[in-house]
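Asks: Starting from the known structure of chain A, arrange chain R on it as the hints suggest.
Residue numbers (the numbering used here), protein chains in the order written: chain A, 1 to 168; chain R, 1 to 294.
Derived by calculation from the structure, the hints in this document are not laboratory data.
Among the clues, some could well be false.
Dumping the calculated DSS-like pairs for lysine-lysine here, alpha-carbon to alpha-carbon at most 25 Å [claimed, not checked]: (1) K54/R x K152/R; (2) K259/R x K172/R; (3) K193/R x K166/R; (4) K108/R x K54/R; (5) K193/R x K144/A; (6) K91/A x K12/R; (7) K12/R x K51/A; (8) K259/R x K108/R; (9) K228/R x K141/R.
Predicted, not measured: the structure shown is a model, and the values here were computed from it.
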Amino acid sequence: MQNSDLFLNIGRFIVLIVVQILLFNHINFLGYVNPYPYILFILIFPFTGNKSLLIFLGFLLGLSVDIFSDSGGVHAAACVFLAYIRPLLLKFSFGVSYEFNTIKLSKADFGARITYISAAVVAHHLVLFSLEIFNISHIVLVLKSTLFSSIFTIILLFCITLLFSRKN
Amino acid sequence: MQQIIYFFIRNKNFLLFLLLFLVSIGFTINSHSYHKNKYITSANFFSGTIYNWKSSVTNYFGLREQNEALAEENLRLRTLLRKQQDTVVAKEIDSTILPAPFTYFPAKVINNSYSKTKNYLTLRKRASDNIEPDMGVISSKGIVGIVNNVSKKYASVQSILNTNSKINAKLKNSFHFGTLSWEPEDKNPNVVKLADIPRQAPVIVGDTIITGGKSTIFPRGVLIGTIKNFNLSTNQDYYDVSVELFNDMTSLNTVYIIKNNEKEAILQIENNDNRPTVVLDSINQPSPQNNAEQ
Numbered sequence: 001m002q003n004s005d006l007f008l009n010i011g012r013f014i015v016l017i018v019v020q021i022l023l024f025n026h027i028n029f030l031g032y033v034n035p036y037p038y039i040l041f042i043l044i045f046p047f048t049g050n051k052s053l054l055i056f057l058g059f060l061l062g063l064s065v066d067i068f069s070d071s072g073g074v075h076a077a078a079c080v081f082l083a084y085i086r087p088l089l090l091k092f093s094f095g096v097s098y099e100f101n102t103i104k105l106s107k108a109d110f111g112a113r114i115t116y117i118s119a120a121v122v123a124h125h126l127v128l129f130s131l132e133i134f135n136i137s138h139i140v141l142v143l144k145s146t147l148f149s150s151i152f153t154i155i156l157l158f159c160i161t162l163l164f165s166r167k168n
Numbered sequence: 001m002q003q004i005i006y007f008f009i010r011n012k013n014f015l016l017f018l019l020l021f022l023v024s025i026g027f028t029i030n031s032h033s034y035h036k037n038k039y040i041t042s043a044n045f046f047s048g049t050i051y052n053w054k055s056s057v058t059n060y061f062g063l064r065e066q067n068e069a070l071a072e073e074n075l076r077l078r079t080l081l082r083k084q085q086d087t088v089v090a091k092e093i094d095s096t097i098l099p100a101p102f103t104y105f106p107a108k109v110i111n112n113s114y115s116k117t118k119n120y121l122t123l124r125k126r127a128s129d130n131i132e133p134d135m136g137v138i139s140s141k142g143i144v145g146i147v148n149n150v151s152k153k154y155a156s157v158q159s160i161l162n163t164n165s166k167i168n169a170k171l172k173n174s175f176h177f178g179t180l181s182w183e184p185e186d187k188n189p190n191v192v193k194l195a196d197i198p199r200q201a202p203v204i205v206g207d208t209i210i211t212g213g214k215s216t217i218f219p220r221g222v223l224i225g226t227i228k229n230f231n232l233s234t235n236q237d238y239y240d241v242s243v244e245l246f247n248d249m250t251s252l253n254t255v256y257i258i259k260n261n262e263k264e265a266i267l268q269i270e271n272n273d274n275r276p277t278v279v280l281d282s283i284n285q286p287s288p289q290n291n292a293e294q
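Next up, chain A with everything else stripped away, as it sits in the complex:
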């Protein structure tokens, strides 16, 4: 990782947490639907970067959000899970050779991008809500929350990646 890349990632880490806890945790669309776009950090972490480092950073990211929302360790668990399965998702959406091509999320084609973002968001939210609700008898609630929040997050992530994609 280059120096500028390092600072960019640190800045992104902090900005995403702050925006998540101050803004997106309080949207309460239709009473209870909140998006969790802070996982963007894990999604656009350099594709060739160190995987162990990403898992550890995912843990820190989730734990920071947990501290602010008094939720124990649910975000940490979901982020660690997402960071761990990210290589799989990348292979699934961009093809086997993703590691050798220098793909950037903002430059990938539309279909691959939507597969990657949606799969990652659904995986993260499913773990998140299963652990948050933590009750088999409320399985419908888990699925409902996952569905609504996922749609919200996917749309937001799409807008964010479009807004901040550098044209060069």
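Replies: Chain R alone, transformed into the frame defined by chain A:
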């Protein structure tokens, strides 16, 4: 030996994942049992400060409603005072001699969640107030929650909109009591459920529900809400009552923390008696050992 080292190196990502995942699940389970996790809480200095900045900006937007709420509370208290002066004329007791059983501390809500299944609030308190976990929190209109974790300037509160909260409540015009809890299914932040009200109780839609005072957390008679609707539970012996809260849990600003000055004495005598503790307002029904620790 080499094989083992190779195994670790080959699977280092999976092992790291497993370790951190289990740690997170440990935190999650810990947070379900009552005030066990001291660190993963918004009452710490760092998150408290950030929420404090936020609320110092957003506070201005609610000033009008805050003023109205305070005027309303003043009106209610003045009416009570008037009634008291009118009825109790001859009986003049010097109440300053008797120690008051409850002390109230003001606090400001700096963060509030109500859309999850386990909701918490973060309060900014005065540093001089000695707040402890297990104290009740009310607003001018009614019940809010129970203090969960405390740092020097901040406190996190387990809201009544939390599936772990169980609060002892009773009908205002009879002595039948039940347990107040929150159903996450409909996620309505203004309706809670009162279970275990016996069938004999005179339940009428619109009646007031107040706290039962069978614990050391809330005094008796704190307002909770009105009966929205009710039906017999499946075994036909108890009513399940939906209670519409007086409080608007989505817009809270100033709250009061209640300290029970007789708590130690009550708990001591209950523990000495060696009888099972009465229905406690709290979470996972803390055992007598837990109470003794506090």
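Asks: If a hint holds in the structure, say so; if it doesn't, say that too.
Replies: Structure-based check of all given hints:
Taken as a hint, the K54/R and K152/R pair is honoured in the structure, with Cα atoms around 19 Å apart against an allowance of 25 Å. A distance of roughly 23 Å separates the Cα atoms of K259/R and K172/R; the hinted pair therefore holds under the 25 Å criterion. Our distance criterion of 25 Å between C-alpha atoms is met by K193/R and K166/R, whose separation comes to about 10 Å. A distance of roughly 13 Å separates the Cα atoms of K108/R and K54/R; the hinted pair therefore holds under the 25 Å criterion.
For the proposed pair K193/R and K144/A, the alpha carbon gap of about 22 Å is at most 25 Å, so the pair holds. For the hint pairing K91/A with K12/R, the CA-to-CA distance comes to about 20 Å; that is within 25 Å, so the pair holds. Restraint check for K12/R and K51/A: the C-alpha separation of about 10 Å stays at or below 25 Å, so the hint holds. For the hint linking K259/R to K108/R, the alpha-carbon distance of about 16 Å falls within 25 Å, and the restraint holds.
Only pairs whose Cα atoms come within 25 Å are accepted, and K228/R paired with K141/R is accepted, the gap being roughly 17 Å.
Figure legend: structure checked against the earlier numbered hints; every hint is met.
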